[in-house]
Amino acid sequence: MSQQLNPHPKSLPQNEGGTSKRDDSPSLLVEEGAGGRGVKDRVVLKVDNLRIHYATPQGDVIAVSDISFNLYEGETLGLVGESGCGKSTTAYGILQLVQPPGYIVHGSIEVDGTEVLNLSEEELRKFRWTGLSLIPQGAMNSLNPTMRVKDQIIDVIESHEGKKRDKEAMRERIFELFQNVGLPNRIYNMYPHELSGGMKQRVCIAMGVALHPTVVIADEATSALDVVVQRIVAQTLIKVKDEIGVSLIVIGHDMGLLAQIVDRIAVMYAGKMVEIAPVENVYANPLHPYTQLLIDSIPSIKERKPLKITEGITHDPRNPPSGCIFRLRCPFAWDHCAEVEPPPINVEEKHVVACHLFDEQFEERRAHAYATTANP
Amino acid sequence: MGGISLNYLVRRLLVFFLTLWVAATLIFIIPRLAPGDPISAMVARLSYQAGFVENSDQIIEGWKERFGLNDPVYVQYLRYMGGLLQGDLGYAMARFPSTVTELVGRALPWTIGLVGLATAIFFIVGNLCGALLAWYKTPKLVKVLIPMSMVFTSIPPLLAGLLLAYVFGFLIPLFPLNYSYGFGLQPEFTIEFIANVIHHGFLPAMAIVLVTFGYWALGMRGMMVTIEGEDYMILAQAKGLKPFYVLYRYMIRNAILPQMTALAVTIGTLVNGVVLVEVIFNYNGMGTLIFTAIREQDFGLIQGTSFILIMTSALAVLIIDLSYPLIDPRISLEGR
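For the protein sequence lines, the chains are X and Y, in the order given. Sequential numbering from 9 applies to the first sequence in our numbering. Sequential numbering from 2 applies to the second sequence in our numbering.
This is chain Y alone, in the form it adopts within the complex:
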């Protein structure tokens, strides 16, 4: 039985923190390569809106002093990294005095819920469809319907979201198109509230599922066909096992392993789709937060949200990596 050695765990965690450090550093450097600085940009925007801002030079100087932008770069860097270690992502400049941590803390759970749910659905539905496509006992009708439903795979999540919002939110208003839960409700653990959250999250989740599950179905089908040619499948047939048992214990169980690897690779790119889908459905998650941050040129918030998204993706990959020995007995992460 495969297990995980302390040695491997430590090495893997080091890689995880290295990823975070590189990400944080890049996030720190990139905005500073651009000409100008966020304070001047913001004051310029204010003066554009108001026509004139009194003592704008003093305001800029004062704020630069306040945010430490006059210090040497390495001091800024150390202060920034020190803040990160304490979970302090700085201020959201456009929404001063809200801190980035505070805003992210409110948005992140919703996105994790949405992406987690969508991932679970497209992974299960996609792999199941792929398995059924390859299985010899699947009814003909199902084998025709599944490929037809895959046409959505070729459209971007943005369009799928618009399509769903238009059809099921506007033409046939079955689902709300706003926020993650109804107005006037307090977040609490009641059946009513949870049902409400699912009702609100259904369409955004479906937008992601619709465009993704086809890839998984095709990948799974390919793996299933390979497995069908294996020697142990002939023996399984000769043993007179029940067909359904053979399907899940012999075929799916073996075909799913490369799919898990693919999932770990895909998690990072999933975020791309989520940002736009959240914006379309006005869902109060990280996607909408990033979108408004970019629109408001709120550098602090952009940096903070990017970092948090990278961290969550890296964490998800870490979890999948560490769970390999559990799903494939041939993989052992024990040191030698």
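Next comes chain X alone, as it looks inside the complex:
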């Protein structure tokens, strides 16, 4: 990532002191791709109270626990959290792709006013890729090894738009897609095993936007690539998104990379969405204690610091603790956290956090908590 190569690492999140640089510090993180370019007020994806369980013989594992958020037209939303926090499951839930033993318990997913959960099987099939498309996690293995690249793009176009007689027009259309993502035309007739990892990922991006879907979900689309290719692919993703005008959800655990490309970030912990805010706020002014630890865990070249995020115990996902889900690991937890589940609190414009510290009645406690971390 670029900031590691930057001789003046201003762009590194410098919050050694918890929230020592709250408010007015301007974001140095965002170089491009963020800042709400082209973001409109219209909600294209509305996820409401979505809950997904994985059934196990010992009881259900709560993978996604009653999360709600909106995605606006033209927006790029980052979904972050540690492994197993339910970010991919959320994405697959939105796409109706949760594999057994997982199942959606309740919730509502509206894309452009269409309730996805109410669609019949055939309606859902037709809705897929035109309403919601996926850029998959393991692009290495996400292409059918026995089909040519062109055939895998043609099949999705033809299964939604009907058989095309004009082969030449189809060819032109695919070349255009290739050009959008920076692929050479010569791969048209190739098989997936003849492409590099980065090329396969680009094929997946080209395929993902082939039908101009309303929302594209990129599930760890760059995780399997090296940092250079990762950056290039991420830029391609944003470029294509802007050109075609889709809304994008990017799932990842690489906070540095996400900072470069998203407009808003939603932080997930153990199936809950704990904080959602514009990208500048999350990096410059993380509010939820978990977000703070997460930001703090980004490796710095300035100093070697111990990893604090692993302190405390993780709970059993079958029996989540009462009250706040994070209280077992939270450095600021007190008895109130065990009693009441924190509601989402709108701290400032578009910045929502689910933590009791930001409840107005606990103002003093918050000031005290942050004072202790600021001066350890």
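It is possible that some hints are incorrect.
Said to hold, decoys possible - Below, a list of computed lysine to aspartate or glutamate pairs in the EDC-like style, where the Cα atoms sit at most 20 angstroms apart:
#: 1; chain 1: Y; residue 1: Lys138; chain 2: X; residue 2: Glu131
#: 2; chain 1: Y; residue 1: Lys243; chain 2: X; residue 2: Glu169
#: 3; chain 1: Y; residue 1: Lys141; chain 2: X; residue 2: Asp174
#: 4; chain 1: X; residue 1: Lys171; chain 2: X; residue 2: Glu131
#: 5; chain 1: Y; residue 1: Lys243; chain 2: X; residue 2: Glu130
#: 6; chain 1: Y; residue 1: Lys243; chain 2: X; residue 2: Glu131
#: 7; chain 1: X; residue 1: Lys158; chain 2: Y; residue 2: Asp329
#: 8; chain 1: Y; residue 1: Lys138; chain 2: X; residue 2: Glu129
#: 9; chain 1: X; residue 1: Lys158; chain 2: Y; residue 2: Asp72
#: 10; chain 1: Y; residue 1: Lys243; chain 2: X; residue 2: Asp74
#: 11; chain 1: Y; residue 1: Lys138; chain 2: X; residue 2: Glu130
#: 12; chain 1: Y; residue 1: Lys243; chain 2: X; residue 2: Glu129
Claimed, not checked - Chain Y regions said to be covered by chain X (calculated; three or more residues, Cβ under 8 angstroms):
#: 13; stretch: 95 to 103
#: 14; stretch: 229 to 235
#: 15; stretch: 275 to 281
#: 16; stretch: 323 to 331
Hint data in this document are derived by calculation from the structure and do not stem from the laboratory. Heads up, the beta-carbon is just placed ideally off N, CA and C, and yes, glycines get one too.
Using the hints provided, position chain Y relative to the given structure of chain X.
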């Protein structure tokens, strides 16, 4: 796109001919390790049947001379190999003066037809059943019926043949139990004759299919389940492709590749089953020919038929080997 280089083709053909040479040599050596010789055995059998054969010693000597059995072994070997190269498999001693080539020439097409048809049926039916067992949209009833029909897999082809012959040839005589085509018909390319051949070949083919397709179904099911867990299957679902298209283009197309390999390995053992099935149905193919050859202790014929069967199996494996690049684009037989 995978292709085949000349280099690979030559190497593969060398292996093919090496196989044939080893087979021919073994077939030559093994009978000669046994005590006695075929001529004495045959004359002894004749004298046993007739009570007495006049000048039997002279007959034995004369025939040994005629078949060259008095020459040194290496001369016999060279003559034998030279004959093989010219397609001459010698005489069928028990049916002198018929040559082995002649008898095999009459029997081989029927066996190739029977085995080819049976293989095509059990491969297609077996893999289709396996695919349906694993597919999520298959009706429940089908998923119950297919495993039930697999009970036949545990019985040997011989018994399956007897069972079919008894039920459909004897109790309910739907199918003839004799020969590869009806008496009084001339082999020719008419619809009537072809229908007749299919009518005669149906039960023997079914005997082979019945005991074999279960293995293929189970193998295929296992592969399909593996494929279902692949990343590209999730993408196929997300793409909103039609379910049937996903089944054959994404699942079966990928799951069939190891099955093709298994087929190449199995072809040799298929012959075992065919011999007995042909005998049960009195089918005039290689199986019956081998069976009578063994019964009549006709060494020339046993050697000839064994060699031809080995050659056909090796040829079938060769063809499957060379067709790999066509079915799996990741395999290239081009030299590097």
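Violated hints, by number in ascending order, as checked against the structure: Those not satisfied are hints 3, 9, 10, 13, 15.
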